[in-house]
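As you go down the protein sequences, you meet chains A and B in turn.
Numbered continuously in the numbering used here, the first sequence closes out at residue 697.
Numbered continuously in the numbering used here, the second sequence closes out at residue 697.
Please note: incorrect hints may appear among the correct ones.
The list treats identical chains as interchangeable, and a pair is accepted whether it falls inside one copy or across any two copies.
[As the list claims (entries may be wrong)] Straight-line distance between alpha carbons at most 27 Å, and here's what the computed DSSO-like set of lysine-lysine pairs gives:
| hint | residue 1 | residue 2 |
| --- | --- | --- |
| 1 | K566 | K453 |
| 2 | K479 | K248 |
| 3 | K317 | K305 |
| 4 | K357 | K279 |
| 5 | K245 | K182 |
Hints listed in this document are in silico derivations from the structure and should not be mistaken for laboratory results.
This one's a predicted model, so the numbers in the text were calculated from it and none came from an experiment.
There are 2 protein chains.
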Amino acid sequence: MSSSKTVRKVQVVSPVPADIDIANSVEPIHISQIAQHLNLTPNHYDLYGKYKAKVLLSVLDELQGSQDGYYVVVGGITPTPLGEGKSTTTVGLCQALGAYLDKKVDLFLSSTSVDCATYFSDIEFNVGNLKFLSSKYLLIIFTVVTCVRQPSQGPTFGIKGGAAGGGYSQVIPMDEFNLHLTGDIHAITAANNLLAAAIDTRIFHESTQSDKALFNRLCPPNKEGKRSFSDVMFKRLEKLGISKTNPDDLTPEEIGKFARLDIDPASITWRRVMDINDRFLRKITIGQGPDEKGKVRETAFDISVASEIMAVLALTTSLADMRERLGKMVIGNSKSGDPVTADDLGVGGALTVLMKDAINPTLMQTLEGTPVLVHAGPFANIAHGNSSIVADKIALKLVGPGGYVVTEAGFGADIGTEKFMNIKCRYSGLKPQCAIIVATIRALKMHGGGPAVVAGKPLDHAYLTENVALVEAGCVNLARHITNTKAYGVNVVVAINKFSTDTEAELHAVRNASLAAGAYDAVISSHHAHGGRGAVDLGIAVQKACENVAQPLKFLYPLDVGIKEKIEAIAKSYGASGVEYSEQAEKQIEMYTKQGFSGLPICMAKTQYSFSDNAAAKGAPSGFILPIRDVRASIGAGFIYPLVGTMSTMPGLPTRPCFYDIDIDTTTGKVIGLS
Amino acid sequence: MSSSKTVRKVQVVSPVPADIDIANSVEPIHISQIAQHLNLTPNHYDLYGKYKAKVLLSVLDELQGSQDGYYVVVGGITPTPLGEGKSTTTVGLCQALGAYLDKKVDLFLSSTSVDCATYFSDIEFNVGNLKFLSSKYLLIIFTVVTCVRQPSQGPTFGIKGGAAGGGYSQVIPMDEFNLHLTGDIHAITAANNLLAAAIDTRIFHESTQSDKALFNRLCPPNKEGKRSFSDVMFKRLEKLGISKTNPDDLTPEEIGKFARLDIDPASITWRRVMDINDRFLRKITIGQGPDEKGKVRETAFDISVASEIMAVLALTTSLADMRERLGKMVIGNSKSGDPVTADDLGVGGALTVLMKDAINPTLMQTLEGTPVLVHAGPFANIAHGNSSIVADKIALKLVGPGGYVVTEAGFGADIGTEKFMNIKCRYSGLKPQCAIIVATIRALKMHGGGPAVVAGKPLDHAYLTENVALVEAGCVNLARHITNTKAYGVNVVVAINKFSTDTEAELHAVRNASLAAGAYDAVISSHHAHGGRGAVDLGIAVQKACENVAQPLKFLYPLDVGIKEKIEAIAKSYGASGVEYSEQAEKQIEMYTKQGFSGLPICMAKTQYSFSDNAAAKGAPSGFILPIRDVRASIGAGFIYPLVGTMSTMPGLPTRPCFYDIDIDTTTGKVIGLS
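Next up, chain A with everything else stripped away, as it sits in the complex (with noise of 0.2 Å):
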């Protein structure tokens, strides 16, 4: 009997090669294997090509009664803007769990004169993570699930280039994680434009109609002059107090309600979207056709990622919580301020139609044959920035108990790791038993002190030389994050995300100052380097970290409390001394506590390159007030938003777009470029 798994062992090469030559390197495993090691059947998945699949969501209702594995989230300290390899830290994390790690049973078969069957029959095991290939060959076991966000087109092509991992911590292949996909965001962009266009036709509509000919045109008589609603305009009679059914026994007063929904152009928040980086499109004037007869109205498109509906998808929990929510989006108010939906409109039906294959989760493998499950990528702006409530729980049942989901969290942890918790969390109902921590030397010199990081620019001197003194000064943005994540009841890992120029002297630092602040443990890891294997000391440490947690998880603040008190639990955990809200913030916080939204979450749109509001404020700045510019709501999604300054919602081009180098191999079909 000897050992025998589908994982890749990837051979490293030294100096690291560009991402996508590593990634071309390696002929990906047909996803269908992948999924059979996860004990998926083909009922349980929808191919999309050799290399990608969607689950679907009947997985979680078949896998209700087992029990779920441990959940550890990836977070970051406040990054530079070269950002410090949270994705490749955890998609490395995963390799090394499953490629390397694979602890809960050690027996492969590979002789052909045993049952699998027989062989097992009298051990007992987890069902959920084994696997037999055939009755004779081969059994596999994974214990691990990375969960990501998928990425925007939009940087693809602009300047960032993809976001799949890099150097030996990649997921592949890499044109499709990063092109399309399994068209979620496409899906999105539909959606999204399909409420916008019936907001703008609908003022256009009752702009010209009388209350009778709108409902005559809403609800026609048939053939037999008979009239009657439509199944989603009993959820606008529901909210009106109207009871009736028969669309004739309206009256006068009834029918002006009903059919107009009066909306206030100057309170819409809804806009269009695009998920390119298309910035003649931040302030655009619409309706200047002649037909428009001068409905003309200032709007803009964001990317789409930054749309509520991508919000919506991460985190909802079911179809039917998402045609709810889809349905109670509000995009502007009518003139009396009144929320108005998109079930108003009629569409959120239609809405979800164009979601519902979003909704399954994208099966895809690491470079060294892990499972990933990519899904959503709300912004971490405006949104909260972390992937999708039912992939993290679809994952955590399929590696079950001792098997290990993880999940990344947008941005630095102040704003990624927060959101995690007190809104993703708190939705999904899960608990992480671990955090980790992504710190890198050049990040915490720059917080000690250092001159600026801009990307595209050649790094300083003071990044490339040993500066002990600059990494430990620091170490005081790396402490804090460590505090903040602690107190949610989690063990806290750091992971040293070690660069070449990096010196002993300055990790120790590093791992010295990460235990003194209270850290489970903190370790350097060489997985864009060495892959999974680079991360092995990582992997040991984050599974001591997972089995020794026992407390429960405790929210930064409880949901029951008005919105202006959970603003300033968040700020006080920024450092902030106190909050200043501008006359606007004030309104808004008014008009969405009258309306009844006040006990929803609190996702922060503030910069990540600063505890404060002040990206310029590195390290761990304390007692400043942190001003509120203005506050928004995603009703659907289910949080209010806080702008803390300008939030840009769309990106530009640069001069030289990342696209000057993409293009397609005619011959081989290959694509050439990306990065």
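Once you have looked at the hints, place chain B on chain A.
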């Protein structure tokens, strides 16, 4: 040995139920089975769920040596706004040919005692049309593939509803057909809008930078201080007649020519697109954000299917050809009048990468289990309105000699069939044997002088009771379509799409008029009510027509004459006695001729409701002067398009759009209310 086929005989019900109910009453066959019946192995396609697969273009290379089947194009008479059932006839005919008239090999095996391969080992047959499901069980032959366009999602949620056919002649699953499909239109939207963003951003960056600064950014020095051109830049250098390969060798003048595109904003013809009926985007102003520094510009959104990229997809013949066409799309002129292309902007390769999966047609099935290839759906208005060349080519190889490929051409034969012949067949090199003209008693009555037919309003009494004289008078329209179509050297079969209100005498009158006008045959077809069984006579007529054609394909005009001569040849076929050009049209013709584009075929943008430019002129108007308001060009797709009157390229939503009825049953996951 008993006869057995997997094609499905659907039990028909009278009166015909709603389309979605018929579609939902049938369990679709797994698409891998449909593929297998076409001799496709899993290497030949990528699954997209259980009922869709993308057939890879490599199939075409593999089958290069094999012979084509018969090629049938479906056009129609000048339609009413209700449509005359071209799609339904296309699907119904294929169900008849595939499920009822499979005449090539009539031996089906269900005996378990005989091995198929052995049994047929000494029979000479065309392997392209045979398939052993297993060594023992079943032999299936398909002799027909339907090729149809992918519908736009705009109308699906707007007024018209879906486009999967109707009654017992449908493509299923109809929700998957109508929504997202395999993402091709989403890919087009993404590619189109990436190019649009590249245009405006380039103008912006050029406005704020010197030639040298632009050049420095376009060709930045690497770490060693060396500059290089990206591959796509060599296309521009070649166009400029610069053969240098080292950026440092360029003279300041060459640097200016290379780096500054100097786009004239007023000349930009490239618009953004969205697959939504969003009338408020028909005319907009962009660039009003403060960071865009006043570079505002008036522009518009079209519906995605009107994008030139859709026309490229429909007319391309290979991946290399698509790369070429996308790169040479002209977006406007420089201030000195030179055409500016996608490759000048450095984005042709990225556009191809976005479109690399879209080039593969999607395999689906009819209600009766015959195969369908869905691919491309260019606007039948400003573009050529036909499905893709690659789908037709693959289908012709797959059915092989004696098999049938039935492809639909949008709108009436004056537009759809004309463009099929003169544009699509010109680029593909394919020759149809038979052209179908679909006629309805309803439309013929309208052409004979019946009252106006208006969508959404009840039909006039004249259309519901017998009126042979009105039908006979209307046959002038049909007769001209027959004459025009016959002139291409194909046999014309008239398919009279039977409605329940049609009478024998009326149907008889059409048949007589058709034969008198030179039709090869004219057949009554009841495929809407009866599926394939209702189109058996039509199928037999088409078989005979295909087997008895001897002439070569004759185009309406040669390519090597002037733009005006070509326009005039087409105008003559409409019945016009002359053509009148606006000043703008004259100017554009002169410009395109000067730019070297006069050798392209012509794609008339004309109302589909009349042979003439006047939608109210029914029947067969003649002696009119056809006005050409403007002339535009799709250089990448490969045609010049004169505008006859104003063409809307962005539909709107009515007061009560289709989406009011569309929802999802959250317990079963089924789509409801889609029409």
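Comparing the hints with the structure gives:
1. K566 with K453: Result: close within a single copy only, 17 Å intra versus 71 Å inter.
2. K479 with K248: Answer is between; shortest inter-copy Cα gap is 16 Å, intra-copy 70 Å.
3. K317 with K305: The answer is both: 17 Å in one copy and 12 Å across copies each meet 27 Å.
4. K357 with K279: Within one copy only: 12 Å inside, 55 Å across.
5. K245 with K182: between (58 Å within a copy, 19 Å between copies)
Violation of the numbered hints given earlier is absent; every hint is satisfied by the structure.
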